[in-house]
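Residues per chain, in single letters:
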Amino acid sequence: QQKVQQSPESLIVPEGGMASLNCTFSDRNSQYFWWYRQHSGEGPKALMSIFSNGDKKEGRFTAHLNKASLYVSLHIKDSQPSDSALYFCAVGTGGYKVVFGSGTRLLVSP
Amino acid sequence: EAAVTQSPRNKVTVTGGNVTLSCRQTNSHNYMYWYRQDTGHGLRLIHYSYGAGNLQIGDVPDGYKATRTTQEDFFLLLELASPSQTSLYFCASSDAGGRQAPLFGEGTRLSVL
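Quick note, the sequences are listed as chains A and B, same order. Just so we're aligned, residue 722 is where the first sequence starts under the working numbering, counting upward by one. Just so we're aligned, residue 13 is where the second sequence starts under the working numbering, counting upward by one.
Quick caveat, the hints were computed from the structure, so don't treat them as lab data. Fair warning: there could be bad hints in the mix.
Which residues of chain B face chain A? A partial, calculated answer using Cβ under 7 Å [said to hold, decoys possible]: (1) ASN42; (2) GLY54; (3) GLY109; (4) GLY110; (5) ARG111; (6) GLU118.
Label pairs and their calculated CB-CB ranges [to be verified]: (7) A:LYS778 - B:SER96: 40 to 48 Å; (8) B:THR98 - A:LEU828: 23 to 31 Å; (9) A:LEU828 - B:ASP50: 16 to 24 Å; (10) B:THR81 - A:ALA767: 41 to 49 Å; (11) B:PRO73 - A:ALA767: 37 to 45 Å.
If you're wondering where the values come from, they're calculated on a predicted model, not measured in any experiment. Note that the Cβ used here is the ideal one computed from N, Cα and C, for glycine as well.
Using the sequences and the hints given, assemble the complete structure.
As structure tokens, this is what we get:
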């Protein structure tokens with residue numbers, strides 16, 4: 722059964738700083754990877770996807786994938802207070818379902 | 013615009029009570045999911061469906077039933093609610109199962125006293 726683990730559980734970064742979130746998965750058949758962001762009182766929303774090994778950049782956000790190492794990460798450059806949220810790593814193998822990690826709570830301090 | 017709507021948004025019941033959580037999607041998606049969210053556990057899959065009348069067991073199904081009456085509507089049933097089922101529940105939909113990021117509703121907060 723797929724296991725998706727995230728670290729750290731919580732993270733505090735200063736405004737303008739770099740936030741780095743980590744995720745490992747267990748199933749080598751995994752092909753589809755997403756990062757979700759959830760603000761308080763809202764449902765999770767997909768932030769970005771990555772399906773190929775390497776880096777994918779979207780604005781201040783960069784996702785990195787290494788399938789051989791069973792590892793995916795998210796880096797947020799120039800962090801803003803509005804980035805404060807709960808971030809989930811989500812992994813799909815191409816079957817029926819997507820498995821989520823336990824989340825990293827990010828706080829960006831002004 | 014793609015949407016997943018859950019009702020009610022908040023629900024309080026007593027131990028042993030019956031609860032039905034409702035979800036409707038207007039996205040013409042085939043797949044629908046029920047998750048529960050608890051601190052330290054993230055989002056855990058309870059049940060899911062890939063079409064009207066279909067039901068699949070998720071990772072934490074004990075104490076829950078579900079029913080997909082139409083392509084749009086998916087219900088989660090707690091027939092004998094227990095305090096351990098106090099949680100934040102999310103419904104989600106997807107057009108391509110595990111190959112597409114699920115689209116989530118706004119959640120239902122359930123308290124079982």
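Checked hints:
1. Checking ASN42 of chain B against chain A: minimum C-beta separation of about 10 Å lies over 7 Å; hint violated.
2. Residue-level restraint check for GLY54 of chain B holds (minimum Cβ-Cβ distance to chain A is 4 Å; threshold 7 Å).
3. The beta carbon of GLY109 of chain B is positioned within 7 Å of a beta carbon in chain A (closest approach about 4 Å), and the interface hint is therefore held.
4. Evaluation of the GLY110 of chain B hint against chain A yields a held restraint, the C-beta minimum of about 4 Å falling below 7 Å.
5. Of the supplied interface hints, the one on ARG111 of chain B holds, with its beta-carbon coming within about 5 Å of a beta-carbon of chain A, less than 7 Å.
6. Nearest Cβ of chain A to the Cβ of GLU118 of chain B: about 5 Å, under the 7 Å cut. The hint holds.
7. Checked against the given bound of 40 to 48 Å, the beta carbons of LYS778 of chain A and SER96 of chain B, roughly 42 Å apart, stay inside it.
8. Distance hint check for THR98 of chain B and LEU828 of chain A: the Cβ-Cβ separation is about 25 Å, which falls inside the suggested range of 23 to 31 Å.
9. Our hint of 16 to 24 Å for LEU828 of chain A and ASP50 of chain B holds, since their Cβ atoms are close to 20 Å apart.
10. Range check, THR81 of chain B to ALA767 of chain A: about 27 Å between beta-carbon atoms, so the 41 to 49 Å window is missed.
11. Separation of PRO73 of chain B from ALA767 of chain A is about 25 Å and departs from the stated range, judged on CB atoms against 37 to 45 Å.
Of the numbered hints listed earlier, those contradicted by the structure are 1, 10 and 11.
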